[in-house]
Amino acid sequence: MKKLTGLLLGVAIAGLTATSSFAADTIKIAFIDPLSGPFASTGKQGLSQYKFAADELVNKKGGVLGKEFEIVAFDNKISPKESLIQLQVAIDQGIRFIAQGNSSGVANALTDAIKKHNKRNPDNRVLFLNYSAVDPALTNDKCNFWHFRFDANADIKMDALTDIIAANEDVKKVYLIGQDYSFGKAVAAAAVKMLGEKRPDIEIVGNELHPIGKVKDFTPYARKIMSSGADAMITGNWGADMVGLGKSVIAAGYENPIYTYYAAADGITKTLGEDGKGKVKLVGEGQLNPPPNDRADAYAKAFKAKYPDTDIGQPRIANVIEMLAKAIDQAGSDTDMVAIGKALEGMEHESLWGTTVYMRPQDHQAIQNVHILSHTNDGVAHDYDNSGYGLLVESTVEMASADAPTTCKMDRPE
Amino acid sequence: MSLLAVNLLDGLVTGLLLFMLCSGLTLIFSMMGVLNFAHASFYMLGAYFAYQISTYVGFWPGLIIAPLAVGLAGAAIERYGLRRVHQYGHVPELIFTFGLALLIEELVQFFWGKSHMAYYEPEILNFTAFSIAGNSFPAYKVFMIFVAIGIFLVLLYILTRTRIGLIIQAALSYPNTVQNLGHNVPLVFMGVFGVGTAMAGLAGVIAGPVLGTFPGMAVLLGSIVFVTIVIGGLGSLWGALIASLLIGWMQTFAASYNVTMTDILLAIGIDKPVDLSDNPLRDLWTLTLPQIGPILPYLLMVLVLVIRPRGLLGKRET
Chain X
1 MKKLTGLLLG
11 VAIAGLTATS
21 SFAADTIKIA
31 FIDPLSGPFA
41 STGKQGLSQY
51 KFAADELVNK
61 KGGVLGKEFE
71 IVAFDNKISP
81 KESLIQLQVA
91 IDQGIRFIAQ
101 GNSSGVANAL
111 TDAIKKHNKR
121 NPDNRVLFLN
131 YSAVDPALTN
141 DKCNFWHFRF
151 DANADIKMDA
161 LTDIIAANED
171 VKKVYLIGQD
181 YSFGKAVAAA
191 AVKMLGEKRP
201 DIEIVGNELH
211 PIGKVKDFTP
221 YARKIMSSGA
231 DAMITGNWGA
241 DMVGLGKSVI
251 AAGYENPIYT
261 YYAAADGITK
271 TLGEDGKGKV
281 KLVGEGQLNP
291 PPNDRADAYA
301 KAFKAKYPDT
311 DIGQPRIANV
321 IEMLAKAIDQ
331 AGSDTDMVAI
341 GKALEGMEHE
351 SLWGTTVYMR
361 PQDHQAIQNV
371 HILSHTNDGV
381 AHDYDNSGYG
391 LLVESTVEMA
401 SADAPTTCKM
411 DRPE
Chain G
1 MSLLAVNLLD
11 GLVTGLLLFM
21 LCSGLTLIFS
31 MMGVLNFAHA
41 SFYMLGAYFA
51 YQISTYVGFW
61 PGLIIAPLAV
71 GLAGAAIERY
81 GLRRVHQYGH
91 VPELIFTFGL
101 ALLIEELVQF
111 FWGKSHMAYY
121 EPEILNFTAF
131 SIAGNSFPAY
141 KVFMIFVAIG
151 IFLVLLYILT
161 RTRIGLIIQA
171 ALSYPNTVQN
181 LGHNVPLVFM
191 GVFGVGTAMA
201 GLAGVIAGPV
211 LGTFPGMAVL
221 LGSIVFVTIV
231 IGGLGSLWGA
241 LIASLLIGWM
251 QTFAASYNVT
261 MTDILLAIGI
271 DKPVDLSDNP
281 LRDLWTLTLP
291 QIGPILPYLL
301 MVLVLVIRPR
311 GLLGKRET
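Going line by line, the protein sequences match chains X and G. Under this note's numbering, the first residue of the first sequence carries the number 1, and numbering increases by one thereafter. Under this note's numbering, the first residue of the second sequence carries the number 1, and numbering increases by one thereafter.
If you're looking for bench data, these hints aren't it; they were derived computationally from the structure. Honestly, I wouldn't trust all of these hints.
Under the rule of at most 27 angstroms between Cα atoms (straight-line distance), these lysine-lysine pairs were calculated in the DSSO-like manner [unchecked claim]: (1) Lys198(X) with Lys216(X); (2) Lys173(X) with Lys198(X); (3) Lys272(G) with Lys193(X); (4) Lys60(X) with Lys81(X); (5) Lys272(G) with Lys185(X); (6) Lys81(X) with Lys185(X).
Construct the entire structure; sequences and hints are all you get.
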């Protein structure tokens with residue numbers, strides 16, 4: 001027994017020293033997103049996925065350049081101002097990779113700040129891994145070399161979505177509703193433009209923005225949607241605003257499809273439940289159901305085993321981690337951001353989720369398969385919120401918008 | 001026209017819900033002079049308690065147990081927290097309730113996490129009561145209206161027709177005199193605080209399934225309840241009712257009608273500039289009523305404070 005204890009102690013000490021030697025030399029990724037307040041659930045879900053992806057896809061395989069990935073969380077309370085403070089704290093801690101996704105307002109502030117920082121501190125540059133903020137401007141007018149977007153942007157998603165709507169002859173009236181900030185406006189503008197091009201006969205019966213995170217009760221909006229006689233509605237809402245809108249609209253008697261960007265996971269799937277079945281559709285990347293391959297299936301199962309209360313709501317996070325690891329490996333350095341950036345741009349990555357992800361060099365926009373997913377409980381292998389309901393791939397646009405134009409004129413560092 | 005009727009009903013639901021929160025707060029505020037920042041947090045607690053109870057025994061027992069539990073928690077907090085802080089004056093009380101609000105939010109997140117809870121209306125009320133021109137009105141909302149009106153009548157009866165009500169009424173206006181007459185004012189305080197928080201809890205129980213049960217729900221309603229009691233007048237139940245309904249309708253109608261600032265400005269005879277793209281007043285011209293809806297109650301509060309500082313039906317200058 002004594003011997004065993006001694007052995008265990010020895011192993012424990014060895015383990016401790018091993019981790020501490022690793023801890024001293026890790027590649028740190030700052031995760032700057034809301035971890036408190038109304039949108040905390042989205043932030044927490046993303047953080048779990050980053051931690052899991054880093055462990056599973058990089059650290060368990062021996063890390064990159066002999067180092068492990070470490071995710072360091074910063075709470076930005078979804079405020080651009082707070083984010084800039086957290087960015088500074090992260091940089092002061094020597095962190096060189098910044099991951100952020102929730103809210104394009106925050107992403108816009110961060111991309112400007114990082115561009116400025118990199119110009120002023122060429123020896124201490126940082127890279128911005130945008131995994132969710134989908135304001136098209138970030139890879140168009142506001143693009144810069146340090147910003148990489150791994151999600152399909154709002155225009156790409158809208159392109160895929162309007163393809164589907166245009167193909168449905170029954171749709172004559174569309175209602176647009178969104179949160180009053182850059183992303184909500186981008187969704188509305190893209191919908192008006194693309195529906196106008198693809199199906200000029202479709203009437204936009206409503207186009208409105210509501211205050212973000214401030215609406216207590218969506219019933220009045222639901223009434224307007226009902227009285228407009230819409231055959232379909234499109235919303236970019238997320239978090240509590242998505243739940244509130246979805247519940248109110250369905251309670252008001254709406255029976256037609258609700259096309260959304262973010263109506264899944266974080267309690268949204270469970271809350272919509274049976275009411276949303278066949279009505280709530282989602283446009284996005286990442287295929288969980290049916291599982292595209294055994295590896296994705298195993299990954300999703302392992303994630304659920306480790307984080308039973310969270311879901312893979314943002315599958316692209318696995319791509320962020322894998323592509324970053326690959327780029328660091330190719331660059332042969334975890335501090336030379338120019339080399340890492342150049343390795344990332346133009347990279348073609350075979351994603352876990354059964355698609356190729358191509359990081360377009362001219363604007364740093366990831367091009368990948370985009371799906372229309374349906375909220376249902378039929379044929380769902382990986383559900384959300386442990387509710388039995390999940391997202392099933394309904395149709396797919398291969399390498400969506402691969403040749404879409406961009407206004408990006410990128411300044412590349414030497 | 002039919003939309004008008006639907007909006008009137010929707011506004012009534014919103015207003016009555018607000019009233020259930022405000023009625024307790026206005027009594028607490030006027031009686032104890034405590035601006036209870038944590039009031040909306042008790043509303044959130046009510047929703048979470050009821051959700052937890054509903055996972056074991058269904059919705060209906062939760063409707064009774066959850067408000068009682070919240071009321072007891074409220075009374076205990078008054079007895080062992082607020083009362084001790086009370087002797088140091090109003091500022092520490094304010095800080096105490098502010099801290100309490102943060103604490104409750106953190107506790108809720110600790111126990112239930114940050115996601116939405118799957119808290120639904122009971123199966124038996126999950127049908128459409130009636131429709132007006134294709135707009136269905138859920139039975140659950142009819143139920144909400146009746147609960148809120150019932151609560152109002154009970155409170156009104158207690159306050160105006162019973163001995164306890166008499167003492168509370170007296171303590172509202174002359175707390176020191178009531179104490180000098182030999183009534184146990186601290187006990188009255190505790191009772192009012194307990195009942196007030198229980199009402200907030202009840203509001204949470206019935207609002208949780210409709211407005212969503214999530215950690216941000218207290219923050220969403222937090223500021224508007226103060227606005228309502230200031231407009232209604234401190235300590236006035238009728239004032240709280242009128243102000244709640246006013247705000248409920250105001251917000252519903254503001255969100256429902258897409259009146260733009262352009263319409264209004266043109267109507268009062270101001271010409272629209274030809275090129276808006278770099279006009280300094282561009283934002284003003286493109287504003288719509290739904291966008292400014294959320295600030296209307298605050299504007300109304302400012303107006304009321306300017307014209308009638310004691311509120312619509314308030315009796316005491318503060």
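Proposed proximity, Lys81(X) with Lys60(X) (alpha carbon, max 27 angstroms): 36 angstroms, violated
Proposed proximity, Lys216(X) with Lys198(X) (alpha carbon, max 27 angstroms): 36 angstroms, violated
Lys272(G) and Lys193(X) were given as a pair; does the straight-line alpha-carbon distance stay at or below 27 angstroms? 25 angstroms, holds
So if I understand the rule, the pair passes when the alpha-carbon distance is 27 angstroms or less; does Lys272(G) with Lys185(X) pass? 23 angstroms, holds
Pairwise hint evaluation, Lys198(X) against Lys173(X), where the allowed Cα distance is 27 angstroms at most: The given pair, whose Cα atoms are some 14 angstroms apart, holds under the 27 angstroms limit.
Quickly compare the C-alpha distance for Lys81(X) and Lys185(X) to 27 angstroms and report which way the hint goes. The hint holds at about 21 angstroms.
Consistency with the previously given hints fails for numbers 1 and 4, ordered from lowest to highest.
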